[in-house]
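*Asks:* Sequence:
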Amino acid sequence: MDALEKEVYKDNAQLKTQLLELQDRIKNVNSMLTQWTGLQERHVTTSGLKIEYAKSIIDQLRQSYLINNLEVNISSPVLRRDVLKKYVGLEYSEVAINFGTYVDIEALQFIDELVNKMPGIVHITRLRIVRLDTPITEQILIRKEAKKDMVQVKLNLIWHDLKSIISGQNDDVK
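First residue of the sequence shown? That's 232 in the working numbering, and the numbers climb one at a time after it.
Just so you know, the hints here were simulated from the structure itself, not pulled from any lab data. A couple of the hints might just be wrong.
Within a straight-line C-alpha distance of at most 35 Å, the following computed DSBU-like cross-link-like pairs (lysine-lysine) qualify [as the list claims (entries may be wrong)]:
id: 1; residue 1: K281; residue 2: K394
id: 2; residue 1: K385; residue 2: K281
id: 3; residue 1: K385; residue 2: K286
id: 4; residue 1: K241; residue 2: K258
id: 5; residue 1: K348; residue 2: K385
id: 6; residue 1: K281; residue 2: K348
id: 7; residue 1: K286; residue 2: K348
Distance windows between CB atoms, simulated [claimed, not checked]:
id: 8; residue 1: S287; residue 2: M263; range: 29 to 37 Å
id: 9; residue 1: R311; residue 2: V361; range: 26 to 34 Å
id: 10; residue 1: K286; residue 2: Q340; range: 14 to 22 Å
id: 11; residue 1: H354; residue 2: Y284; range: 13 to 21 Å
id: 12; residue 1: M263; residue 2: L358; range: 31 to 39 Å
id: 13; residue 1: S262; residue 2: N347; range: 24 to 32 Å
id: 14; residue 1: I360; residue 2: R311; range: 23 to 31 Å
id: 15; residue 1: L363; residue 2: E325; range: 21 to 29 Å
Beta carbons: idealized from backbone N, C-alpha and C, even for Gly.
With the sequences and hints as input, model every part of the structure.
*Replies:* Set out below in structure tokens:
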């Protein structure tokens, strides 16, 4: 084998290596695009938790499902240290929701729609539904405005969303 053939084989091997690297990069980019599309379908953004928007969703659902005595406590958003990357972090907040309603079906529908409409990712950590011992009278059944809480619900959840990070501004990292 002469020097020219060796040079051609060497160049060919380098081109094959570069081609494999490019194919690997393309595969990674396609995987990231698929993951990002999935996150967008679940309303995940990179602007962090939108608490005011979440409150408006909860208020709309409260009116739709005749939820009474609604109490919502949302902790301050915190960036998780274990998943912190150079440009993006995972922000989370703990949410406690207590409310009453007339029937358990409305409570479950409220929770289902809340989880589906909240921006970001919602993980329910605790759900407790208790039927209250309230006697059912004709007055309760006939008059819509006289409905009393027959079911008491306590819901705890962790709410996650991605947050874009500028290097050096991670003061609220836990």
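*Asks:* Would you mind marking each hint as holding or not holding in the structure?
*Replies:* Hint check results:
{"no.": "1", "hint": "K281 to K394", "result": "holds (11 Å)"}
{"no.": "2", "hint": "K385 to K281", "result": "holds (22 Å)"}
{"no.": "3", "hint": "K385 to K286", "result": "holds (17 Å)"}
{"no.": "4", "hint": "K241 to K258", "result": "holds (26 Å)"}
{"no.": "5", "hint": "K348 to K385", "result": "holds (19 Å)"}
{"no.": "6", "hint": "K281 to K348", "result": "holds (12 Å)"}
{"no.": "7", "hint": "K286 to K348", "result": "holds (11 Å)"}
{"no.": "8", "hint": "S287 to M263: 29 to 37 Å", "result": "holds (31 Å)"}
{"no.": "9", "hint": "R311 to V361: 26 to 34 Å", "result": "holds (32 Å)"}
{"no.": "10", "hint": "K286 to Q340: 14 to 22 Å", "result": "holds (19 Å)"}
{"no.": "11", "hint": "H354 to Y284: 13 to 21 Å", "result": "holds (19 Å)"}
{"no.": "12", "hint": "M263 to L358: 31 to 39 Å", "result": "holds (34 Å)"}
{"no.": "13", "hint": "S262 to N347: 24 to 32 Å", "result": "holds (26 Å)"}
{"no.": "14", "hint": "I360 to R311: 23 to 31 Å", "result": "holds (30 Å)"}
{"no.": "15", "hint": "L363 to E325: 21 to 29 Å", "result": "holds (26 Å)"}
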